[in-house]
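S.K.: So that you can map any letter, position 239 of the sequence shown is 239 in full-length UniProt numbering, and since no number is skipped, the others follow by simple counting.
Simulated from the structure, these hints should not be mistaken for lab results.
It is possible that part of the hints are untrue.
Unchecked claim - Computed cross-link-like contacts, SDA-like style, restricted to lysine to any residue with a CA-CA straight-line distance of at most 25 angstroms: (1) 111 to 222; (2) 111 to 83; (3) 111 to 216; (4) 201 to 190; (5) 116 to 224; (6) 201 to 240; (7) 116 to 58; (8) 116 to 103; (9) 201 to 211; (10) 111 to 219; (11) 116 to 81; (12) 202 to 93; (13) 116 to 225; (14) 202 to 182; (15) 111 to 74; (16) 116 to 137; (17) 201 to 186; (18) 111 to 77; (19) 202 to 134; (20) 116 to 140; (21) 247 to 128; (22) 247 to 215; (23) 202 to 212; (24) 247 to 196; (25) 201 to 130; (26) 116 to 143; (27) 201 to 126; (28) 202 to 239; (29) 111 to 93; (30) 247 to 185; (31) 201 to 245; (32) 111 to 81; (33) 111 to 190; (34) 92 to 104; (35) 116 to 220; (36) 92 to 78.
Quantities reported herein were computed from a predicted structural model and do not represent experimental measurements.
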Amino acid sequence: MFGRVVITLSRHTLSRQSPRRIRRTFLLDELSYHAVAFSYVTVGKGGRPRAAHLGPDRRREQVLDAASVIAADRGMAGVSMMAVADRLGVSKPVVYACFPARDQLVDALVKREESKLMAAVLASMPENPTFDNSEQLLIEGFQALLTAAAANPERWRVVLAADIDSRAGQRIGHGRTVIRRRLGEILRGGFERWHVVDIDKKLPLLVELFFAAGEGAVRMLIDQPGVWTPQDLGEFTGRTLFNTFRKV
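Take these sequences, add in the hints, and give me the full structure.
M.R.: Structure representation (structure tokens):
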């Protein structure tokens with residue numbers, strides 16, 4: 001019959017400067033005991049346990065996950081090394097071992113979240129639009145975008161929080177450039193079909209208007225939950241833009 005016994009030993013005699021408590025776990029049988037596994041927790045002066053050893057990749061992801069939650073809740077300004085350490089229940093050196101400075105942490109966080117959102121936004125855009133029904137095309141595009149936002153609002157909050165942070169906002173330019181470029185390609189096809197004059201002159205402004213409308217709709221959806229559904233807000237936004245653009 002096996003049982004589990006936890007024995008805690010104090011090692012004051014080994015080191016007066018850094019006393020440690022060692023917790024060992026044994027499995028015992030009727031005749032003898034055999035140490036088959038053990039774990040230890042080192043208790044520092046502040047009483048906070050040291051974090052279990054993890055590989056650097058896994059620890060970095062944990063740090064980024066914690067920073068993401070903080071940014072979504074408090075804004076990017078709330079992301080600090082101390083806040084992340086508190087969130088994880090570890091000491092600050094654990095966080096610094098992953099990212100030597102806050103700027104590097106924010107860079108990595110924005111890059112990770114933006115890359116995932118960029119994939120979702122690009123997936124919401126039609127690959128080969130026909131423009132047989134341009135109004136419905138716009139409506140379905142916005143509905144797809146807002147459905148993706150509703151599925152992961154916290155990730156969107158992180159990127160939008162970076163947008164209003166002067167330093168973090170500089171880090172999200174690449175993804176927006178890619179999205180604007182693809183948006184311009186789609187709109188150009190529609191304008192050519194509608195025989196819009198001076199397309200090269202008008203297109204950059206119209207892309208900005210379209211982009212701002214999409215971002216504004218996402219903000220409204222996630223900041224005012226329950227007011228709109230992705231389908232209703234997508235239909236309203238798409239129809240409004242169609243009525244505006246067809247007069248160009």
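S.K.: Below or equal to 25 angstroms on CA atoms is what counts here, so check residue 201 against residue 130.
M.R.: With Cα atoms ~23 angstroms apart, residue 201 and residue 130 stay inside 25 angstroms; holds.
S.K.: Given the hinted pair residue 116 and residue 81, is their alpha-carbon gap at most 25 angstroms?
M.R.: holds (24 angstroms)
S.K.: Taking 25 angstroms as the top limit, are the C-alpha atoms of residue 247 and residue 215 close enough?
M.R.: holds (22 angstroms)
S.K.: Going straight from one Cα to the other, do residue 111 and residue 93 come out at no more than 25 angstroms?
M.R.: With a Cα-Cα distance of about 23 angstroms, the restraint between residue 111 and residue 93 holds, given a limit of 25 angstroms.
S.K.: Run the distance test for residue 201 versus residue 240: straight-line Cα separation, threshold 25 angstroms.
M.R.: Roughly 22 angstroms separates the two Cα atoms, so the pair holds.
S.K.: Between residue 202 and residue 212, does the CA-CA distance stay at or below 25 angstroms?
M.R.: holds (16 angstroms)
S.K.: Keeping to a limit of 25 angstroms between CA atoms, is the pair of residue 111 and residue 216 held or broken?
M.R.: Since the Cα atoms of residue 111 and residue 216 sit roughly 21 angstroms apart, the hinted pair holds (cutoff 25 angstroms).
S.K.: Can you confirm whether the C-alpha distance between residue 111 and residue 190 stays at or below 25 angstroms?
M.R.: violated (32 angstroms)
S.K.: Does the alpha-carbon distance linking residue 247 and residue 128 stay inside the 25 angstroms limit?
M.R.: holds (23 angstroms)
S.K.: Does residue 211 sit within 25 angstroms of residue 201, going by the straight-line distance between their CA atoms?
M.R.: holds (17 angstroms)
S.K.: Does residue 196 sit within 25 angstroms of residue 247, going by the straight-line distance between their CA atoms?
M.R.: holds (9 angstroms)
S.K.: For the pair supplied as a hint, residue 116 and residue 140, confirm whether the alpha-carbon distance does not exceed 25 angstroms.
M.R.: OK: residue 116 and residue 140 at ~21 angstroms, within 25 angstroms.
In the structure shown, a violation is registered for the earlier hints numbered 12, 33, in ascending order.
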